[in-house]
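Asker: With the hints as extra help, turn the sequences into a complete structure.
There are 2 protein chains.
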Amino acid sequence: MRLLEEKIKNEGRVINDNVLKVDSFLNHQIDPQLMNEIGKEFARSFAADGITKIVTIESSGIAPAVMAGLYMNVPVIFARKRKSVTLTDYLLTASVHSFTKNETNELAIAGKYLNENDKVLIIDDFLANGEAALALVKMVKQANASVAGIGIVIEKAFQPGGRLLQEAGYRVESLVRIASLEGAKVHFVE
Amino acid sequence: MRLLEEKIKNEGRVINDNVLKVDSFLNHQIDPQLMNEIGKEFARSFAADGITKIVTIESSGIAPAVMAGLYMNVPVIFARKRKSVTLTDYLLTASVHSFTKNETNELAIAGKYLNENDKVLIIDDFLANGEAALALVKMVKQANASVAGIGIVIEKAFQPGGRLLQEAGYRVESLVRIASLEGAKVHFVE
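Read top to bottom, the protein sequences are chains A and B. According to our numbering, the residues represented by the first sequence are -6 to 183, in order. According to our numbering, the residues represented by the second sequence are -6 to 183, in order.
Some hints here could point you the wrong way.
Unchecked claim - In silico DSS-like cross-links for lysine-lysine, where the CA-CA straight-line distance does not exceed 30 angstroms: (1) K14/B / K112/A; (2) K74/B / K131/A; (3) K112/B / K0/A; (4) K74/B / K0/A; (5) K131/B / K14/A; (6) K2/B / K105/A; (7) K0/A / K0/B; (8) K74/A / K0/B; (9) K131/B / K178/A; (10) K2/A / K112/B; (11) K74/A / K2/B; (12) K131/A / K94/B; (13) K94/A / K74/A; (14) K2/B / K112/A; (15) K33/A / K0/B; (16) K178/A / K2/B; (17) K74/B / K105/A; (18) K14/A / K112/B; (19) K105/B / K2/A; (20) K112/B / K134/A; (21) K94/B / K94/A; (22) K14/A / K131/A; (23) K74/B / K94/A; (24) K105/A / K178/B; (25) K14/B / K105/A; (26) K94/B / K105/A; (27) K105/A / K0/B; (28) K105/B / K14/A; (29) K112/A / K0/B.
Hints are computed from structural coordinates only; laboratory data are not their basis.
Answerer: What follows is the structure, given as structure tokens:
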């Protein structure tokens, strides 16, 4: 997605060989016009898949997921990061470790919002090691719903997440794929 | 906002006299079409105010704020809830206590995203005691930016937040105002 590549080139900050910060338009400040285009792009990619629900994770997945939901005309569910499990409702759960932040979170989705008839599109802001996407896959499967695909805004293609998800049989559509962050520069996959 | 009142009547769950759950379209599952209409409504209300930025809090404020940002054509910043202050960047900060969840969070916004020329619209999902909105006001003022108004999706008008904010001189626009939750029923302000 050309518009997104330009935005990353102009505003992304390479922190080290593994970490790209895009706080000015995705992870802290959000560019709504860009999110709107991202939503349209996901809707185009998965137009033929009969998607019934979108699932993402708070907080940075919400903006792109809601825009995709708008154009696909389906509800969006965001998995909550939780400290403790105190709710009495039936919950779908998984734990996920973020290597970037070096913290483990419990994720939860209320069971009533997914069922075996759902065809789910998983959307997330970044794909690196695949931990977050695999946790969402696990929760969708707990509900006996099916995963129709995984939509990623920015894939760090030099990390193993994309390969792992594809080897597990999931279709992954990344709007941009980064080959490396070496030399404090963003190199996109050709 | 009639559409939102209908949604609350049909899907809102009154937990007790103080707590209304709207997990099916705002706080966990999100209805993107409804968020789109909410965004348009906020854009209409504040069309004459020269808004340059929208500020909200993760996670439930993000969807309505991003839709408002789309129609107002301005960036959206979401304050992050933080456990600890370890970043070295200049931060705007405030602490906020949630009575519903009985927890206190530190909020942070990177200082570089707000400056003294900004006219800020604060958006949040609920207004009850006003703690969250006042914390956002405090952060906007730390940046010497001005608060042009506060847009609320659901105001619990039987709690003091709306009055407190208005007495402090802020314009509050709530899309729906709830007079009481007594008798396990939602009574709207006429």
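Asker: Can you name, in rising order, the numbers of the hints this structure does not satisfy?
Answerer: Per hint list: 7, 9, 16 and 20 violated.
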